[in-house]
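Visitor: Here is how the chains run, residue by residue.
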Amino acid sequence: MKVPSELKYTKEHEWVKIEGNRAIIGITYYAQDSLGDIVFVELPSVGDAVEVEEPFGVVESVKTASDLYAPVSGQVVEVNNEPMDSPEVVNQDPYGQGWMIMVEMSDPSQIEKLMSAEEYQALIEA
Amino acid sequence: MKFIPHTDEERRQMLKHLAVENTDQLFKDIPSELRLNRDLAVEGGLSEMELQSHMNSLAGLNTGVDQTICFLGAGAYDHYIPSAVKHILSRSEFYTAYTPYQPEISQGVLQSIFEYQSMICLLTGMDAANASMYDGASALAEAALMACAVTRRDKVLVASTLHPEYREVVKTYLHGPGIEISEIAYQEGLSQLADIDQKLDKKTAAVLVQYPNFFGCIEDLGKIAEQAHAKGALLVVCVDPIALGILKSPGQCGADIVVGEGQSLGIPLSYGGPYLGFMACKDKYLRKMPGRIVGQTVDVEGRRGYVLTLQAREQHIRRDKATSNICSNQALCALAATVYLSLVGRQGFKQVAELCLQKTAYAKELLAALPGYQLPWQTPVFKEFVLKTKEAPEVINRELLKENILGGLDLGGYYPELAGHMLFCVTEKRSRREIELLAARLGAIS
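Heads up: the sequence lines are chains G and D, in that order. For the first sequence, the positions run 1 to 126 when UniProt numbering is used. For the second sequence, the positions run 1 to 446 when UniProt numbering is used.
Everything labelled a hint here was simulated from the structure, so no lab data went into it. Since we're looking at a predicted model, the values are computed, not measured. Glycine residues also receive a C-beta, built at the ideal position from the N, C-alpha and C atoms. Be aware that one or more of the hints could be misleading.
[Unchecked claim] Mimicking BS3-like on lysine-lysine, the simulated pairs with C-alpha atoms at most 30 Å apart in a straight line are:
1) D/K248 / D/K429
2) D/K223 / D/K199
3) D/K429 / D/K223
4) D/K86 / D/K16
5) D/K86 / D/K202
6) D/K350 / G/K63
7) D/K350 / D/K390
8) D/K231 / D/K282
9) D/K284 / G/K63
10) G/K11 / D/K350
11) G/K63 / D/K288
12) D/K202 / D/K288
[What the hints assert, rightly or not] Each pair of labels, with its calculated beta carbon distance range:
13) G/D33 / D/Q102: 17 to 27 Å
14) G/E88 / D/L34: 34 to 44 Å
15) G/E88 / D/Q13: 56 to 66 Å
16) D/S270 / G/A49: 28 to 38 Å
17) G/I18 / D/K171: 40 to 50 Å
18) D/K202 / G/A49: 17 to 27 Å
19) D/R304 / G/I18: 47 to 57 Å
20) D/Q107 / G/S109: 27 to 37 Å
21) D/Y95 / G/P4: 50 to 60 Å
22) D/L34 / G/D85: 22 to 32 Å
23) G/V77 / D/H229: 54 to 64 Å
24) G/D48 / D/Y101: 35 to 45 Å
25) D/R11 / G/D48: 34 to 44 Å
26) G/E88 / D/T63: 39 to 49 Å
[To be verified] A short list of chain G residues far from chain D (calculated; beta carbon distances all over 10 Å):
27) Y95
28) E112
29) M115
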């Protein structure tokens with residue numbers, strides 16, 4: 001299971017990349033692998049507010065549909081259309097082309113509550 | 001034979017296991033003033049024969065379309081049903097209202113639903129149809145919710161020419177999510193286009209119209225679609241499927257979501273149900289459509305197969321977030337519609353619609369020529385029309401019933417301004433003789 005060390009993680013299997021005051025969010029390799037073939041991704045629009053630990057979107061695979069939970073609060077400043085147009089990109093490249101939204105954080109201290117790569121690795125191996 | 005499965009001994013054991021003395025203790029959380037504290041006011045049992053005879057005598061109090069000549073429509077229609085429909089329907093492998101829970105095993109049922117969806121798409125001119133819904137009214141309400149989800153807006157415009165009971169259902173559904181409803185005024189039996197323009201705004205998710213509308217009049221869908229789209233709203237059309245045998249499809253007129261009542265398609269009038277709601281939409285809204293869809297695919301060996309898709313959202317994990325409560329299905333009614341449509345065929349279906357149109361035109365002409373009756377509007381109609389009467393509709397219907405004729409709907413109850421107006425319906429089943437009989441009786445009443 002790939003768990004890039006430079007990223008932060010949530011227990012709901014989202015990854016977060018911090019760039020200044022912005023957070024780029026996607027789902028982990030483990031998440032896409034557990035979901036199976038992803039057939040649909042629903043994401044918020046630019047300008048929408050997201051709330052920490054609240055759902056901001058949905059991924060639907062052939063076997064299930066799951067909510068996406070926001071790792072931090074803030075406003076959506078960018079949305080990646082690729083997972084919506086070609087959902088398989090999330091399976092193929094979850095940490096790259098399969099990223100989902102970029103959020104302008106309203107409370108950057110929330111980052112401290114996220115998991116490190118080691119902690120996340122321990123979670124999925126447990 | 002015992003109908004209560006637990007013996008006193010079994011009950012004693014269960015109570016002992018729970019460490020309570022008697023059953024009453026299990027209900028002690030309910031305050032005693034809220035409990036019934038007496039026996040139910042029902043009589044003792046009847047034998048099977050007595051019960052059957054009782055039920056028969058109750059059933060005998062009903063008046064059905066088998067005993068009368070029916071000119072009543074208003075959402076429930078006396079259309080011809082080929083007898084093969086009921087024979088295919090009652091085959092045990094089909095005989096359930098549910099879509100299967102281990103769907104892919106039931107290829108036959110899935111194929112029938114796939115055929116149903118394909119036919120609904122053909123009729124409505126839409127890209128995708130779901131596997132069916134409860135009835136026309138709830139399908140319409142779901143379409144309104146869907147339009148709000150698609151547009152992320154929270155207001156809908158509803159034509160007052162839409163079935164009044166459908167409007168009530170829409171109101172009920174939209175009350176919870178707090179969606180605002182505004183009604184469109186009508187004139188000459190049609191939605192007022194100027195009123196639509198005036199009420200459409202950037203908050204409006206959809207315009208809901210019926211086609212043909214409650215009065216049987218044919219709304220200008222193309223124009224209403226333009227108006228709605230100009231403001232970023234969707235056009236939701238509630239149709240009488242039979243009319244689509246000859247009318248331009250809502251899809252061709254620019255509709256985004258099409259719903260309707262499928263009772264006309266091979267489902268008998270039976271005291272209001274079970275009926276069949278159908279829903280279809282353009283491809284781009286597919287993911288927001290409630291319910292499920294049966295898709296066609298191939299297996300690893302390239303053989304054709306059918307699969308139930310889009311069910312996870314509603315049935316399993318995300319049920320709490322589903323936009324709709326459609327978790328059961330009307331599969332048996334959908335099958336009836338499928339069998340009906342396949343039996344009458346493309347040409348036959350068109351012929352049914354043409355007969356409705358022609359017979360209605362004939363009835364309209366005959367009735368309007370009678371003294372004491374007149375047409376309030378000159379708008380083209382399909383299978384129903386409004387007639388203004390001098391005598392009270394209630395009196396007219398009572399007189400007609402004496403002659404075994406089910407008269408029209410008294411519109412005054414739904415539209416106070418239309419007191420003294422009746423809605424008559426003429427399907428392909430009405431013969432020339434029956435229509436002339438109606439005219440003769442009405443002539444004698446006024």
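Visitor: All hints, please: hold or fail.
Guide: Evaluated hints:
1. Restraint check for D/K248 and D/K429: satisfied, since their Cα atoms lie roughly 23 Å apart, inside the 30 Å limit.
2. Taking the CA atoms of D/K223 and D/K199, the gap is near 15 Å; set against the 30 Å cutoff, the hint holds.
3. Only pairs whose Cα atoms come within 30 Å are accepted, and D/K429 paired with D/K223 is rejected, the gap being roughly 33 Å.
4. In summary, the hint linking D/K86 to D/K16 is not supported, as the alpha carbons are separated by about 52 Å, beyond the 30 Å threshold.
5. For the suggested pair D/K86 and D/K202, the alpha carbons sit about 48 Å apart, so the restraint of at most 30 Å is broken.
6. Proximity of D/K350 to G/K63 is assessed by CA-CA distance (about 42 Å); at most 30 Å being required, the pair is judged violated.
7. Between D/K350 and D/K390, the direct Cα distance comes to roughly 36 Å. Violation of the 30 Å bound is thereby established for this hinted pair.
8. Taking the CA atoms of D/K231 and D/K282, the gap is near 18 Å; set against the 30 Å cutoff, the hint holds.
9. Simply put, D/K284 and G/K63 have alpha-carbon atoms about 22 Å apart, close enough for the 30 Å limit, and the pair holds.
10. Of the supplied pair hints, the one linking G/K11 and D/K350 is violated, its CA atoms being roughly 59 Å apart against a limit of 30 Å.
11. With a C-alpha separation of about 18 Å, the suggested pairing of G/K63 with D/K288 holds against the 30 Å cut-off.
12. Distance check on the hinted pair: D/K202 and D/K288 sit about 20 Å apart at the alpha-carbon level, within 30 Å; holds.
13. Take G/D33 and D/Q102: their Cβ atoms lie about 26 Å apart, and the range 17 to 27 Å holds.
14. For the pair G/E88 and D/L34, the supplied restraint of 34 to 44 Å is violated, since their beta-carbon distance comes to about 57 Å.
15. A hinted range of 56 to 66 Å for the beta carbons of G/E88 and D/Q13 is consistent with their spacing of about 57 Å.
16. For the pair D/S270 and G/A49, the supplied restraint of 28 to 38 Å is violated, since their beta-carbon distance comes to about 50 Å.
17. Evaluation of the 40 to 50 Å hint for G/I18 and D/K171 yields a pass: the beta carbon distance comes to about 48 Å.
18. The beta-carbon spacing between D/K202 and G/A49, approximately 20 Å, falls within the hinted interval of 17 to 27 Å.
19. In this structure, D/R304 and G/I18 meet the distance hint of 47 to 57 Å, their C-beta atoms being roughly 50 Å apart.
20. Distance hint check: the CB atoms of D/Q107 and G/S109 are about 56 Å apart, inconsistent with the given range 27 to 37 Å.
21. In this structure the supplied range 50 to 60 Å holds for D/Y95 paired with G/P4, their Cβ-Cβ distance being about 55 Å.
22. Roughly 57 Å separates the CB atoms of D/L34 and G/D85, a value that falls outside the hinted 22 to 32 Å.
23. Range check, G/V77 to D/H229: Cβ separation about 30 Å, and the 54 to 64 Å hint is violated.
24. For G/D48 and D/Y101, the Cβ-Cβ distance of about 36 Å falls inside the hinted range of 35 to 45 Å, so the restraint holds.
25. Checked against the hint of 34 to 44 Å, the C-beta distance between D/R11 and G/D48 comes to roughly 57 Å, which is inconsistent with it.
26. A C-beta distance of roughly 60 Å is found between G/E88 and D/T63, which places it outside the suggested range of 39 to 49 Å.
27. Every CB of chain D lies more than 10 Å from the CB of G/Y95, the least distance being 25 Å, so the non-interface label holds.
28. At roughly 29 Å from the closest C-beta of chain D, the C-beta of G/E112 stays outside 10 Å, upholding its exclusion from the interface.
29. No Cβ of chain D comes within 10 Å of the Cβ of G/M115; the nearest lies about 23 Å off, and the non-interface call holds.
Hints 3, 4, 5, 6, 7, 10, 14, 16, 20, 22, 23, 25 and 26, counting from the list given before, are not met by this structure.
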